[in-house]
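Engineer: Sequence:
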Amino acid sequence: MQHISRGNSCHTTELGWTHNRHTILLGPTHTLHRGRHDTRRTPHAFMHTTFTPTYSWTHNTHSTFSCTSLRTHSQAHNPLSTRSHIQHSRHREQARHVRSSNTPTFFRDTPPAPGLGGANWVRPTRAYLPESRSRVRRAGRLKNLELAAVGGSDVHVKMLAAPINPSDINMIQGNYGLLPQLPAVGGNEGVGQVVAVGSGVTGVKPGDWVIPANPGLGTWRTEAVFGEEELITVPSDIPLQSAATLGVNPCTAYRMLVDFERLRPGDSIIQNASNSGVGQAVIQIAAARGLRTINVLRDRPDLQKLTDRLKNLGANHVVTEEELRKPEMKSFFKDVPQPRLALNCVGGKSSTELLRHLAPGGTMVTYGGMAKQPVIASVSQLIFKDLKLRGFWLSQWKKDHSPGGGNFGSRRLKDDKRA
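The opening residue of the sequence shown carries number 7 in the numbering used here; numbering runs sequentially from there.
It should be emphasised that the hints constitute simulated quantities derived from the structure, not laboratory data.
All values reported here derive from a predicted model rather than from experimental measurement.
Errors might be hidden in some of the hints.
DSBU-like mimics (lysine-lysine), calculated; alpha carbons at most 30 angstroms apart, straight line [unchecked claim]:
| id | residue 1 | residue 2 |
| --- | --- | --- |
| 1 | K405 | K211 |
| 2 | K355 | K317 |
| 3 | K332 | K355 |
| 4 | K394 | K340 |
| 5 | K355 | K340 |
| 6 | K311 | K332 |
| 7 | K317 | K340 |
| 8 | K336 | K391 |
| 9 | K317 | K394 |
| 10 | K405 | K394 |
| 11 | K332 | K391 |
| 12 | K211 | K149 |
| 13 | K405 | K378 |
| 14 | K378 | K317 |
| 15 | K355 | K394 |
| 16 | K378 | K311 |
| 17 | K340 | K311 |
| 18 | K355 | K311 |
| 19 | K378 | K336 |
| 20 | K317 | K336 |
| 21 | K336 | K355 |
| 22 | K394 | K378 |
| 23 | K336 | K394 |
| 24 | K355 | K391 |
| 25 | K391 | K340 |
| 26 | K391 | K378 |
| 27 | K311 | K336 |
| 28 | K332 | K378 |
| 29 | K378 | K355 |
| 30 | K332 | K317 |
| 31 | K394 | K332 |
Here are the simulated distance ranges between beta carbons [to be verified]:
| id | residue 1 | residue 2 | range |
| --- | --- | --- | --- |
| 32 | G206 | V385 | 55 to 63 angstroms |
| 33 | K336 | G272 | 15 to 23 angstroms |
| 34 | Q187 | P343 | 45 to 53 angstroms |
| 35 | D406 | M376 | 24 to 32 angstroms |
| 36 | P271 | T208 | 15 to 23 angstroms |
| 37 | K394 | K355 | 15 to 23 angstroms |
| 38 | P271 | S205 | 45 to 53 angstroms |
The beta-carbon is built from N, C-alpha and C at its ideal position, and this holds for glycine as well.
Please model the entire structure based on the sequences and the hints provided.
Structural biologist: Dropping the structure here:
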């Protein structure tokens, strides 16, 4: 079991979290904390840096749905009897499909866990199962699954929040490096609370918050039984949305900043998709390390507001893609060191512009392709500037740096049974 240290506190009430057109209903009052996230003994190696998420908060958002546990009067006397209820703003049939513009979050009041002495009981869990590799809206449906018994090395977890990452969508569509056998419970990220543990579990206890150690566990469900080795504990006093997204974006940002170029304080980096989860983490980690960031955005009506937000995170320079193409950028780089590292999440023309402004001998790392266009580099850039093109996938990095090569999604449906 691995651990992440805690931070400083703030407070909020029942809210909806929106980010990149995704919405999460968090449920009743949460005490939230912002501050230092410090991994120890974990292959994420997101060390000694600050990550402050900057998501928009809206009250009583109803543009998505959530699965909650409702307990009737009779159920109060039978803690194992639960039923699921779908909250949504449109008709119920829409709740059968996960839409790319909405983010399902599962949270519930979990009844007391039964004893682990071999009691015969059946407990349902509500999960979203992609059943085919097709358009996300038609790929799967919500289903009741029988929750597996808790073995000696197992941990019973109720999910508190589970976001939708582009990689989740790619996995459902079949366009990803890790493709589980279908049907499988969707979702690679999320945070849950431990309900019960097996007799052999020593690194986690009931009440702890945990996140997946590896992708492929299936977080789009109300609760699950995982192996202890598949979980990492995080403090329960950090923001819920931070915990739910801690395992991928900030870790990706950190590894790209330290693995490809030896950057020293005062050096510059340039990145596109600067307002993405990874982009915002890059800004904050770079600022903590004394690096200067040149952040590229698409032009938009709220550009100034977004620029101010990124600068509040520590961004040194914010430019649009159109500005990056103008000749005036030559004078810009007279005052700002040419970047030695470029981080590309878009591809197409955007990545070409990043390469054009890289210093000789610099490296461009591609970790996404949101434009769905190829990365194009001119022959002269490769020959005369000696530029290097690299790729990065956090899952592969963790597999390469984990004992035994990692354990990616091997238990996704190992103990799940259709109810």
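Engineer: Now tell me if each hint is right for this structure.
Structural biologist: Evaluation of the provided hints:
1. The hinted pair formed by K405 and K211 meets the criterion: a straight-line CA distance of about 27 angstroms does not exceed 30 angstroms.
2. For a cut-off of 30 angstroms, the pair hint linking K355 to K317 stands: about 25 angstroms separates their Cα positions.
3. Distance restraint check for K332 and K355: the Cα-Cα separation of roughly 14 angstroms lies within the 30 angstroms cut-off, and the hinted pair is therefore satisfied.
4. Restraint check for K394 and K340: satisfied, since their Cα atoms lie roughly 23 angstroms apart, inside the 30 angstroms limit.
5. A threshold of 30 angstroms between alpha carbons decides the hint, and for K355 with K340 the separation of about 24 angstroms falls inside it, so the pair holds.
6. With a C-alpha separation of about 23 angstroms, the suggested pairing of K311 with K332 holds against the 30 angstroms cut-off.
7. Simply put, K317 and K340 have alpha-carbon atoms about 21 angstroms apart, close enough for the 30 angstroms limit, and the pair holds.
8. Among the hinted pairs, K336 with K391 is consistent with the structure: their alpha-carbon atoms are about 16 angstroms apart, no more than 30 angstroms.
9. This hinted pair checks out: K317 and K394 have alpha carbons roughly 29 angstroms apart, not beyond 30 angstroms.
10. Between K405 and K394 the alpha-carbon distance is near 24 angstroms, which keeps this suggested pair within the 30 angstroms criterion.
11. Between K332 and K391 the alpha-carbon distance is near 20 angstroms, which keeps this suggested pair within the 30 angstroms criterion.
12. Taking the CA atoms of K211 and K149, the gap is about 29 angstroms. The hint holds against a cut of 30 angstroms.
13. This hinted pair checks out: K405 and K378 have alpha carbons roughly 26 angstroms apart, not beyond 30 angstroms.
14. Distance restraint check for K378 and K317: the Cα-Cα separation of roughly 28 angstroms lies within the 30 angstroms cut-off, and the hinted pair is therefore satisfied.
15. Restraint check: the Cα-Cα separation between K355 and K394 comes to about 17 angstroms, which is no more than 30 angstroms; the hinted pair holds.
16. Distance restraint check for K378 and K311: the Cα-Cα separation of roughly 27 angstroms lies within the 30 angstroms cut-off, and the hinted pair is therefore satisfied.
17. This hinted pair checks out: K340 and K311 have alpha carbons roughly 27 angstroms apart, not beyond 30 angstroms.
18. This hinted pair checks out: K355 and K311 have alpha carbons roughly 25 angstroms apart, not beyond 30 angstroms.
19. Under the criterion of a C-alpha separation no larger than 30 angstroms, the hint pairing K378 with K336 is consistent with the structure, at around 29 angstroms.
20. For the hint linking K317 to K336, the alpha-carbon distance of about 22 angstroms falls within 30 angstroms, and the restraint holds.
21. About 19 angstroms separates the Cα atoms of K336 and K355, which keeps this hinted pair within 30 angstroms; it holds.
22. Restraint check: the Cα-Cα separation between K394 and K378 comes to about 21 angstroms, which is no more than 30 angstroms; the hinted pair holds.
23. In summary, the hint linking K336 to K394 is supported, as the alpha carbons are separated by about 22 angstroms, within the 30 angstroms threshold.
24. For the proposed pair K355 and K391, the alpha carbon gap of about 19 angstroms is at most 30 angstroms, so the pair holds.
25. For the hint pairing K391 with K340, the CA-to-CA distance comes to about 18 angstroms; that is within 30 angstroms, so the pair holds.
26. A distance of roughly 26 angstroms separates the Cα atoms of K391 and K378; the hinted pair therefore holds under the 30 angstroms criterion.
27. Restraint check for K311 and K336: satisfied, since their Cα atoms lie roughly 26 angstroms apart, inside the 30 angstroms limit.
28. Restraint check for K332 and K378: satisfied, since their Cα atoms lie roughly 24 angstroms apart, inside the 30 angstroms limit.
29. Restraint check for K378 and K355: the C-alpha separation of about 11 angstroms stays at or below 30 angstroms, so the hint holds.
30. Between K332 and K317 the alpha-carbon distance is near 22 angstroms, which keeps this suggested pair within the 30 angstroms criterion.
31. Note on K394 and K332: the hinted pairing holds, with a Cα-Cα distance of about 24 angstroms set against a maximum of 30 angstroms.
32. Taken as a hint, the range 55 to 63 angstroms holds for the pair G206 and V385, whose Cβ atoms sit roughly 59 angstroms apart.
33. Roughly 21 angstroms separates the CB atoms of K336 and G272, a value that falls within the hinted 15 to 23 angstroms.
34. In this structure the supplied range 45 to 53 angstroms holds for Q187 paired with P343, their Cβ-Cβ distance being about 49 angstroms.
35. At about 25 angstroms, the CB distance of D406 to M376 agrees with the hint of 24 to 32 angstroms.
36. As the Cβ distance of P271 to T208 is approximately 41 angstroms, the hint placing it in 15 to 23 angstroms is violated.
37. Separated by about 20 angstroms at the C-beta atoms, K394 and K355 satisfy the suggested range of 15 to 23 angstroms.
38. For the hinted restraint 45 to 53 angstroms between P271 and S205, the CB-CB distance of approximately 50 angstroms keeps it satisfied.
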